[in-house]
Amino acid sequence: MSAGLNATCRIRVSTNSGPHLLPANNFSRQPVSDINQCKMSDPWQECMDHCVQVTKQAGKMIHEALQKDIAIMQKSSPVDLVTETDQKVEQLIISSIKEKYPTHSFIGEESVAAGAPSVLTDNPTWIIDPIDGTTNFVHRFPFVSVSIGFTVNKEIEFGIVYSCIEDKLYTARKGKGAFCNGLPIKVSGQDDISKSLVLTEMGFKKNPEVFKTMMDNMKKILTIPVHGIRSPGSAAVNMCLVACGSADAYYHMGIHCWDMAGGAAVVTEAGGVIMDISGGPFDLMSRRLIVASSRAIAERIVKEITPFPVGRDDTAA
Amino acid sequence: MADEWQDPYDFAVEVAKIAGKIIRRAAEEEIKVNTKSCTVDLVTATDVRVEKIIIGAIKEKFGEDTHCFIGEESAAAKGPSVLTDKPTWIIDPVDGTTNFVHGFPFVAVSIAFAVNKELEFGVVYSCFEDKLYKARKGKGAYCDDEKIEVSDIKDIHKSVVISEFGTNRNVDVVTEICATMKRILLIPVHGIRGTGTAATNMCMVACGAVEAFFEIGIHCWDVAAGAVIVQEAGGVLLDVDGGPFDLMSRRMMSANNRTIADRVIKEIKIFPAERDDGK
Numbered sequence: 181m182s183a184g185l186n187a188t189c190r191i192r193v194s195t196n197s198g199p200h201l202l203p204a205n206n207f208s209r210q211p212v213s214d215i216n217q218c219k220m221s222d223p224w225q226e227c228m229d230h231c232v233q234v235t236k237q238a239g240k241m242i243h244e245a246l247q248k249d250i251a252i253m254q255k256s257s258p259v260d261l262v263t264e265t266d267q268k269v270e271q272l273i274i275s276s277i278k279e280k281y282p283t284h285s286f287i288g289e290e291s292v293a294a295g296a297p298s299v300l301t302d303n304p305t306w307i308i309d310p311i312d313g314t315t316n317f318v319h320r321f322p323f324v325s326v327s328i329g330f331t332v333n334k335e336i337e338f339g340i341v342y343s344c345i346e347d348k349l350y351t352a353r354k355g356k357g358a359f360c361n362g363l364p365i366k367v368s369g370q371d372d373i374s375k376s377l378v379l380t381e382m383g384f385k386k387n388p389e390v391f392k393t394m395m396d397n398m399k400k401i402l403t404i405p406v407h408g409i410r411s412p413g414s415a416a417v418n419m420c421l422v423a424c425g426s427a428d429a430y431y432h433m434g435i436h437c438w439d440m441a442g443g444a445a446v447v448t449e450a451g452g453v454i455m456d457i458s459g460g461p462f463d464l465m466s467r468r469l470i471v472a473s474s475r476a477i478a479e480r481i482v483k484e485i486t487p488f489p490v491g492r493d494d495t496a497a
Numbered sequence: 097m098a099d100e101w102q103d104p105y106d107f108a109v110e111v112a113k114i115a116g117k118i119i120r121r122a123a124e125e126e127i128k129v130n131t132k133s134c135t136v137d138l139v140t141a142t143d144v145r146v147e148k149i150i151i152g153a154i155k156e157k158f159g160e161d162t163h164c165f166i167g168e169e170s171a172a173a174k175g176p177s178v179l180t181d182k183p184t185w186i187i188d189p190v191d192g193t194t195n196f197v198h199g200f201p202f203v204a205v206s207i208a209f210a211v212n213k214e215l216e217f218g219v220v221y222s223c224f225e226d227k228l229y230k231a232r233k234g235k236g237a238y239c240d241d242e243k244i245e246v247s248d249i250k251d252i253h254k255s256v257v258i259s260e261f262g263t264n265r266n267v268d269v270v271t272e273i274c275a276t277m278k279r280i281l282l283i284p285v286h287g288i289r290g291t292g293t294a295a296t297n298m299c300m301v302a303c304g305a306v307e308a309f310f311e312i313g314i315h316c317w318d319v320a321a322g323a324v325i326v327q328e329a330g331g332v333l334l335d336v337d338g339g340p341f342d343l344m345s346r347r348m349m350s351a352n353n354r355t356i357a358d359r360v361i362k363e364i365k366i367f368p369a370e371r372d373d374g375k
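Top line first, the protein sequences correspond to chains A and B. Heads up: take any position in the first sequence, counting from 1, add 180, and you land on my numbering. Heads up: take any position in the second sequence, counting from 1, add 96, and you land on my numbering.
Don't read these hints as lab results, they were simulated from the structure. Mixed in with the good hints, there may be bad ones.
As the list claims (entries may be wrong) - Capping the alpha-carbon separation at 27 Å, the derived lysine-lysine pairs in DSSO-like fashion look like this:
| # | chain 1 | residue 1 | chain 2 | residue 2 |
| --- | --- | --- | --- | --- |
| 1 | A | Lys-400 | B | Lys-278 |
| 2 | B | Lys-117 | A | Lys-255 |
| 3 | A | Lys-248 | A | Lys-236 |
Note that the coordinates shown come from a computational prediction; the quantities given were computed from them, not determined experimentally.
Use the sequences and the hints to build the structure in full.
In structure tokens, the structure reads:
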């Protein structure tokens with residue numbers, strides 16, 4: 181394993197939990213009735229706090245795994261990779277949450293791969309990608325993230341994305357803004373497509389027509405022209421790059437709800453737009469999305485790209 | 097025996113760090129963007145200023161007329177870049193100007209040094225990542241003073257390849273680039289990635305994060321420093337047709353080994369790009 185990326189993996193797990201957490205002494209000085217009032221006014225804040233803690237633990241596990249050799253297994257194809265770390269991290273996250281919230285539901289990438297259902301109900305649900313960017317993880321390419329989205333009544337209440345190698349923790353609570361390592365972030369606001377930087381990913385497709393459409397879409401976007409297309413390799417990180425203004429749009433067909441749930445909260449709370457590839461409302465189980473710094477950019481991308489079938493997360497293949 | 101180019105090498109490291117600091121500070125302000133050869137070939141005042149600062153610092157240290165310079169922003173004004181036998185600094189002050197303008201995290205200062213047309217050392221400072229890559233011919237490659245080496249993957253099916261679109265938006269060229277990417281994905285490989293910065297991409301090969309990076313359309317100043325770093329990290333450097341690397345040819349294939357390089361080369365359809373030396 182090369183020493184270079186190890187040397188530059190500065191593992192700083194931040195002790196600053198960010199402005200979205202209330203400092204402990206706010207509770208200790210208050211009468212009990214007021215504390216209950218606090219909790220009632222945001223019933224999911226405690227879940228989010230727990231989510232941040234478990235995400236940091238997951239990040240630590242990933243950092244430790246990066247120091248060693250990584251054995252690779254395949255899922256649906258030779259380019260759909262999974263490792264023991266994906267599975268262990270997901271187990272860590274789910275068991276930690278189950279212990280505190282035994283009635284909640286889970287949709288986790290590796291549990292679904294093992295046969296668990298991925299139907300979204302109204303029940304409080306944790307949607308988990310333990311390692312988003314497994315290929316990057318295996319190669320030590322710098323974008324590897326833990327992604328967790330939390331829904332209630334099928335609405336995303338908060339999202340956490342931890343970009344482990346960069347040591348960037350993105351958090352967003354519905355209605356309360358988006359943050360990176362505790363500092364507020366917002367989208368670029370770019371509305372001129374010809375000045376935009378667009379993210380998308382390309383991957384092997386078994387169906388030649390689908391493959392052709394995917395490449396043609398990239399060609400159409402590039403020749404608008406846009407400033408550039410980049411492919412970092414992690415959907416959750418891509419969404420956060422749009423959220424913090426480093427890119428102006430990200431579109432993708434073929435990802436999963438666990439790739440999108442955490443980042444969806446971060447982008448929308450950063451002032452970005454999220455929609456379906458068709459221009460309609462975003463559908464978490466649709467396996468496709470566009471996020472952008474503005475409606476104008478998103479709608480222009482909708483105009484240029486041709487959808488192809490990707491199935492849904494909530495129906496059998 | 098003393099290394100006669102050790103001083104310039106050490107100085108390149110220092111000046112790259114100073115340049116990187118200037119770039120980071122400039123990124124906090126509003127950036128006015130101009131264009132060069134087309135609407136997506138961007139340049140900013142920072143590119144021009146940083147190149148002047150680097151060249152000025154080198155001239156002050158080593159003498160006004162001792163060394164020659166090939167710099168991206170000076171070349172824009174002067175025409176073809178000719179590499180002579182004289183000690184020559186090959187500089188890209190801001191590699192990844194598009195990334196710089198957008199705040200996308202890969203922006204590098206790239207400084208290389210050639211004597212008798214041979215590359216002697218290369219320094220690439222990825223300033224937002226705060227990673228300094230360097231290599232002196234014959235002495236290995238380093239990232240932040242830790243030795244780096246290419247990956248040992250020989251199986252193309254387990255490789256990640258970097259391929260970029262560049263700044264050419266001619267439909268025929270874009271079609272060729274997409275077609276090449278598709279052929280590579282069909283091998284299949286683990287994936288295609290792109291950071292948007294040639295110098296950083298070469299360092300990704302050098303430290304083993306990817307197995308190959310190739311591009312048609314880059315310039316000598318984009319790849320000169322990375323060329324030393326990749327080779328000193330144990331990698332290979334070729335032309336995209338499999339022949340020897342030609343710094344002025346506007347094309348480059350870098351890989352962890354010849355096996356991977358040759359397999360990727362098989363899929364590349366070459367399109368013309370005007371040489372940097374005008375030949």
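Starting from the hint list further up, note which numbers the structure goes against and sort them upward. Checked against the structure, the only hint that fails is number 2, while the rest are satisfied.
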